[in-house]
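Trainee: Sequence:
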Amino acid sequence: MAPFCSLPFFTTTKSKTTSECNPIEQLCHRFSLAELQAATNGFMPSLIVNGEGQCQVYKAHLKGHGDVAIKHFKTRSPDRDIEFRVEVKILCQLHHPNVVPLVGFCDHKHDKFVVYDYVSNGSLHDCLHGTNNNSVVPLSWIQRLNICIGVARGLHYIYFETKIPIIHRAVKSSNVLLDHNLVPKVADFGLCKKHPQEESRPKPPRVELRENLEVSLEYMEPEYFMTGRLSNKSDVYSFGVVMLEILCRKKACFLTPGGECEYLAKWAFDDERKGVLEKIVDPSLIGKIAPACWKVFIEIVQRCLASVEERPTMGEVVVILENAFLLQERADV
Numbered sequence: 001m002a003p004f005c006s007l008p009f010f011t012t013t014k015s016k017t018t019s020e021c022n023p024i025e026q027l028c029h030r031f032s033l034a035e036l037q038a039a040t041n042g043f044m045p046s047l048i049v050n051g052e053g054q055c056q057v058y059k060a061h062l063k064g065h066g067d068v069a070i071k072h073f074k075t076r077s078p079d080r081d082i083e084f085r086v087e088v089k090i091l092c093q094l095h096h097p098n099v100v101p102l103v104g105f106c107d108h109k110h111d112k113f114v115v116y117d118y119v120s121n122g123s124l125h126d127c128l129h130g131t132n133n134n135s136v137v138p139l140s141w142i143q144r145l146n147i148c149i150g151v152a153r154g155l156h157y158i159y160f161e162t163k164i165p166i167i168h169r170a171v172k173s174s175n176v177l178l179d180h181n182l183v184p185k186v187a188d189f190g191l192c193k194k195h196p197q198e199e200s201r202p203k204p205p206r207v208e209l210r211e212n213l214e215v216s217l218e219y220m221e222p223e224y225f226m227t228g229r230l231s232n233k234s235d236v237y238s239f240g241v242v243m244l245e246i247l248c249r250k251k252a253c254f255l256t257p258g259g260e261c262e263y264l265a266k267w268a269f270d271d272e273r274k275g276v277l278e279k280i281v282d283p284s285l286i287g288k289i290a291p292a293c294w295k296v297f298i299e300i301v302q303r304c305l306a307s308v309e310e311r312p313t314m315g316e317v318v319v320i321l322e323n324a325f326l327l328q329e330r331a332d333v
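Numbering-wise, the sequence shown is residues 1 to 333 according to the UniProt record's numbering.
Treat the hints as calculated values from the structure; they're not laboratory data.
For each residue, glycine too, the CB sits at the ideal point set by N, CA and C.
Be aware that one or more of the hints could be misleading.
Stated by the list, open to error - Restraint ranges, calculated between C-beta atoms of paired labels, are given here:
| no. | residue 1 | residue 2 | range |
| --- | --- | --- | --- |
| 1 | E322 | G51 | 33 to 43 Å |
| 2 | E322 | T227 | 24 to 34 Å |
| 3 | E278 | R76 | 20 to 30 Å |
| 4 | H29 | S284 | 22 to 32 Å |
What the hints assert, rightly or not - Taking lysine-lysine and the DSS-like style, the derived pairs with C-alpha atoms no more than 30 Å apart in a straight line are:
| no. | residue 1 | residue 2 |
| --- | --- | --- |
| 5 | K288 | K274 |
| 6 | K250 | K274 |
| 7 | K266 | K74 |
| 8 | K288 | K250 |
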């Protein structure tokens, strides 16, 4: 992997993008706007596979690259420009089976595009909950465990196996993509922050309140919401919510029969349920989770959702999930 430079591209809204160490053209392929227009038939609306939020994503075919996803930052603002540059400069230096592969980018006046490999099964969120265009993909418990392990490996890689630790800051089911083999790919790195080297013991980076609002509250650790300070355990909490989402097949924030919003992390461990398998698990999994596997899995979920001091590292999460997988395999045999 190419080494990170001094990483001035991890900027806040107050930083200037002119302080970059290298032009992004030196780090990955730059496409022309004409190439992307040709690949999408003039950005034909029927090719949009995701049009929510601040971006639109098109499925396209680029000669020499095959099927790709083209992400258009449709909102024009200094914040979107920073997000675009952060995502490109991080992804061009990350190479891992559980991180979405970058193909290139296009920076044409006010139009910003990021080009990735196309991931055919869409997002984990869509597979679990369905969309207007796609039905729910039935996932076995073993498949769900594999997805959890893959996401955990990807998050461990970006924090512990890169030159500068990276806090993803937007870990959620919609930012996990599944390929044709249901291998998960962590995506959407535009809100990433670098974490200071731990040996210098600096204060954790503080995030502006405006930026907090860009992060989905249902996945946000309570400490981050209250103080605006990140830690190396911030993504661990968010991943705990994703694991619950995979287990329960409920959205991280859902409506109760009474029409009230309920956070999944609170619902699954309230006094009525307290993490009891039959009361929280996706009904299609009842009777299919080995007791030994269940015990290990639900305990690591609870630890991920605990206070910062009690949360495991992502490396610990990977090891424990791999053990849960083995326990399930043995039970199935």
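Trainee: Against the structure, test the hints numbered earlier, and report the numbers of the ones violated in rising order.
Mentor: Per hint list: 3, 4, 7 violated.
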